[in-house]
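2 protein chains.
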Amino acid sequence: MNSFDASGGAQTRVVILGGGFAGLSVAKDLRRAPVSIVLVDRQNYHTFQPLLYQVATAELEPDNIAAPIREILRRQRNVKVALGNVTEIDLEAKVVFFDGGKLPYDILVVATGVQQSYFGNDDFKPFAPGLKTVDDALKIRGRMLLAFEEAEWEADDAARSAKLTFVVVGGGPTGVELAGALVDVATNTLPKEFRNVDTRHARVILVEGGPRLVAAMPEDLGHRAQRTLERLGVEIRLNTRVSNVGSEGVTIGDEIIPAENVLWAAGVQGQTVAKTLGVELDRAGRVVVGSDLAIPGHPDVFVIGDAAHALDAQTGNPVPGLAQAAIQAGRFVARTIKQESVDGPRQDRPAFTYHDKGSMAMIGRGKAIAAIGKVHFGGLLGFLSWNLVHVMFLVGFGNKLVVLMGWLWNYLLHTRRSRLIIGDPDVHITHMREDEPQ
Amino acid sequence: MNSFDASGGAQTRVVILGGGFAGLSVAKDLRRAPVSIVLVDRQNYHTFQPLLYQVATAELEPDNIAAPIREILRRQRNVKVALGNVTEIDLEAKVVFFDGGKLPYDILVVATGVQQSYFGNDDFKPFAPGLKTVDDALKIRGRMLLAFEEAEWEADDAARSAKLTFVVVGGGPTGVELAGALVDVATNTLPKEFRNVDTRHARVILVEGGPRLVAAMPEDLGHRAQRTLERLGVEIRLNTRVSNVGSEGVTIGDEIIPAENVLWAAGVQGQTVAKTLGVELDRAGRVVVGSDLAIPGHPDVFVIGDAAHALDAQTGNPVPGLAQAAIQAGRFVARTIKQESVDGPRQDRPAFTYHDKGSMAMIGRGKAIAAIGKVHFGGLLGFLSWNLVHVMFLVGFGNKLVVLMGWLWNYLLHTRRSRLIIGDPDVHITHMREDEPQ
Numbered sequence: 001m002n003s004f005d006a007s008g009g010a011q012t013r014v015v016i017l018g019g020g021f022a023g024l025s026v027a028k029d030l031r032r033a034p035v036s037i038v039l040v041d042r043q044n045y046h047t048f049q050p051l052l053y054q055v056a057t058a059e060l061e062p063d064n065i066a067a068p069i070r071e072i073l074r075r076q077r078n079v080k081v082a083l084g085n086v087t088e089i090d091l092e093a094k095v096v097f098f099d100g101g102k103l104p105y106d107i108l109v110v111a112t113g114v115q116q117s118y119f120g121n122d123d124f125k126p127f128a129p130g131l132k133t134v135d136d137a138l139k140i141r142g143r144m145l146l147a148f149e150e151a152e153w154e155a156d157d158a159a160r161s162a163k164l165t166f167v168v169v170g171g172g173p174t175g176v177e178l179a180g181a182l183v184d185v186a187t188n189t190l191p192k193e194f195r196n197v198d199t200r201h202a203r204v205i206l207v208e209g210g211p212r213l214v215a216a217m218p219e220d221l222g223h224r225a226q227r228t229l230e231r232l233g234v235e236i237r238l239n240t241r242v243s244n245v246g247s248e249g250v251t252i253g254d255e256i257i258p259a260e261n262v263l264w265a266a267g268v269q270g271q272t273v274a275k276t277l278g279v280e281l282d283r284a285g286r287v288v289v290g291s292d293l294a295i296p297g298h299p300d301v302f303v304i305g306d307a308a309h310a311l312d313a314q315t316g317n318p319v320p321g322l323a324q325a326a327i328q329a330g331r332f333v334a335r336t337i338k339q340e341s342v343d344g345p346r347q348d349r350p351a352f353t354y355h356d357k358g359s360m361a362m363i364g365r366g367k368a369i370a371a372i373g374k375v376h377f378g379g380l381l382g383f384l385s386w387n388l389v390h391v392m393f394l395v396g397f398g399n400k401l402v403v404l405m406g407w408l409w410n411y412l413l414h415t416r417r418s419r420l421i422i423g424d425p426d427v428h429i430t431h432m433r434e435d436e437p438q
Numbered sequence: 001m002n003s004f005d006a007s008g009g010a011q012t013r014v015v016i017l018g019g020g021f022a023g024l025s026v027a028k029d030l031r032r033a034p035v036s037i038v039l040v041d042r043q044n045y046h047t048f049q050p051l052l053y054q055v056a057t058a059e060l061e062p063d064n065i066a067a068p069i070r071e072i073l074r075r076q077r078n079v080k081v082a083l084g085n086v087t088e089i090d091l092e093a094k095v096v097f098f099d100g101g102k103l104p105y106d107i108l109v110v111a112t113g114v115q116q117s118y119f120g121n122d123d124f125k126p127f128a129p130g131l132k133t134v135d136d137a138l139k140i141r142g143r144m145l146l147a148f149e150e151a152e153w154e155a156d157d158a159a160r161s162a163k164l165t166f167v168v169v170g171g172g173p174t175g176v177e178l179a180g181a182l183v184d185v186a187t188n189t190l191p192k193e194f195r196n197v198d199t200r201h202a203r204v205i206l207v208e209g210g211p212r213l214v215a216a217m218p219e220d221l222g223h224r225a226q227r228t229l230e231r232l233g234v235e236i237r238l239n240t241r242v243s244n245v246g247s248e249g250v251t252i253g254d255e256i257i258p259a260e261n262v263l264w265a266a267g268v269q270g271q272t273v274a275k276t277l278g279v280e281l282d283r284a285g286r287v288v289v290g291s292d293l294a295i296p297g298h299p300d301v302f303v304i305g306d307a308a309h310a311l312d313a314q315t316g317n318p319v320p321g322l323a324q325a326a327i328q329a330g331r332f333v334a335r336t337i338k339q340e341s342v343d344g345p346r347q348d349r350p351a352f353t354y355h356d357k358g359s360m361a362m363i364g365r366g367k368a369i370a371a372i373g374k375v376h377f378g379g380l381l382g383f384l385s386w387n388l389v390h391v392m393f394l395v396g397f398g399n400k401l402v403v404l405m406g407w408l409w410n411y412l413l414h415t416r417r418s419r420l421i422i423g424d425p426d427v428h429i430t431h432m433r434e435d436e437p438q
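So the sequences go chain by chain: V and L.
Position one of the first sequence corresponds to residue 1 (the numbering used here), numbered consecutively onward.
Position one of the second sequence corresponds to residue 1 (the numbering used here), numbered consecutively onward.
Please note that a few of the clues may not be correct.
Copies of the same chain are indistinguishable here, so a pair counts whether it falls within one copy or spans any two.
[As the list claims (entries may be wrong)] Think about it this way: if two alpha-carbon atoms lie no more than 20 Å apart in a straight line, the pair counts; the simulated EDC-like pairs of lysine to aspartate or glutamate are:
#, residue 1, residue 2
1, Lys139, Asp424
2, Lys125, Asp135
3, Lys139, Asp426
4, Lys275, Glu92
5, Lys275, Asp136
FYI, nobody ran anything at the bench for these hints, they're computed from the structure.
With the hints as constraints, model all of the structure from the sequences given.
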């Protein structure tokens, strides 16, 4: 049977791996296509990744920014959803293997995203969690809150100071947003709740290997982000590389910064399953695709979103790993699949071009930066635009409403609603403070 | 120094173990007392236990029903909060030991609650999680949702049927509420989201050792709960004891019910730390206290809430393990501490009596039962009262608002908002269904 043959008998079987922005957008845009879709994800929910850092910093709860994939697609009768971790893709047999089973496909869409990269230093990982999943975010939240809990009762000055030192590695949008939020937690949310320590003395250090922050955004906004963060109290180290992360802290050149809380926002790499394809990957483990976003020589296998190394057909620049690029690629591929499932395969497929609608990053309480075309702005206007844009793209009216209310509540009351340490907290205090009656 | 000596020098040091209803109510009622308080809990939050089953059944998120203890007590300057798991209490040395340190006390209030009891069959535990903590609730939620996910793709009829069979052990309020909510998930929330299985065919079986449901409530309400649950489709087995729970299912007499999802709501026992006190415990491991709620011979150590075996001074009946009893005991003990910290210790302490303000249990969508004095009612009136009363007692205006809105949203749209499987789901499918294009 021809993969693209829609006439007579069985429909074209489309398997989509991943329910992120890219995978969901393909699935949704195929809603009227004569195909039968199975979407596989290793979680039962879609995550709105741009807001993950707010789950990590106690501003939002997971269900505010994530929604069950089944619920999102419940009205679309040509999609089935499967929960499973993909372990192997066999391009010759046209079969995907995952925990508990396998699925044959006529057309495959790989949208498995990326994982954190430690640039070969995987031994940093236990000491420097990354922020790619809801579970990562809950882990970071738990560690951050636990650090303050322990500091409150830690009698040893050096140990207490290490607990109150936060190092964020990586000055991209995620690093900048984490650093700004950490300062806000320490200076606005917590001070009134602690008796023995002044949480406002917590140090937040942002380390970036390059010469400026948010390199993907215009230069003036990078400087603006830096000024704002410095005014909030973040220590910024540019042109600085981390040579080690361990239980004693972070090593930068000859200096060791004693810090119990290190967050890794420095790099990404493709998922391990990409290696089983046996096709060309770039240095970061992303699958190299043609201008049609299919694997060269495999017109029935598309790779989109962060998992792909794609070039913009117009500019020749790499397509960035952003939500809007993933959504656009998903729509583009859905269009190709739809057309060919009706008209049959064609040799001269259209080429993908990315339309940049602008970019934004939150800096701190009431402050964000934004670039829309040639217009760059920040401050309160940036903050309001950031909130508006991020709420607009959340899945589900209920989430939009709850998140907006939560932000307003937290902003007005200088609090953060989501401060539960999920999982058994494992308290480590070197020497406990004698409690003196007040 | 006399424990109750408030004159000159240092203040009386009160250590409270546990930030549940009992512990928090002592702490709050001592806000104007000339004492210095440390409240220790092994979580950083207070849990509103009556609503835990709604976290387990995907109706609410943890932060809707739990709030950081520090935040609750932030304005009360005579309290410090410590995070730690108490391992030993030394009544002679007057010291409490916990992870990371120890605290000396002049007055100790033990309010550590209870843990699930398997009546000596701790090997049931891995197969039948109980519902005492937020982590328990998230685990139950994850397992329940995973069961439906696996059933969707399970080709083996017997394996699929075991995945869609839920057995709730214990017909008290928690068991009744869980059973009703499980049926609602299967029949109202999920059907439209699954393609291969009809989730409405899920079986929910409620097993109770005694002759009727909710034995602590009036008999007519027990029957009412039974009729309502049966009409919703719950299979009820009364006078039935579970002899085994394992990977194959639940054993009742000679019958094995193949079920992958077993929830344990059958019994409780005191926390293990109570054994380190070296004083009289009842059969369930609760500390036996006098009419002043102190340990006989230890007037400086009070035990309250579920951790205590106390008798009502008026009726001679055991004080029930309910939120309202814990709150009343907390207030009572705070009054004693306050008086004696001013007037010095007295021999003829007042005796605790419990005022029953009524009891309620949710049965299912739009239906609950309630007994207030001699008035018993149910149906929609019961449902509305249940919702009203439970929201009223939630900590924090924000939580009240969010929970009310969440309930309304879920009720009107026949959905449940909180359906993320937190933690890596571990999918087990015996034989995967061949996907046939539709």
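Status of the hints after comparison with the structure:
no., hint, verdict
1, Lys139 to Asp424, "both (11 Å within a copy, 13 Å between copies)"
2, Lys125 to Asp135, "within (15 Å within a copy, 25 Å between copies)"
3, Lys139 to Asp426, "both (12 Å within a copy, 19 Å between copies)"
4, Lys275 to Glu92, "within (15 Å within a copy, 64 Å between copies)"
5, Lys275 to Asp136, "neither (24 Å within a copy, 38 Å between copies)"
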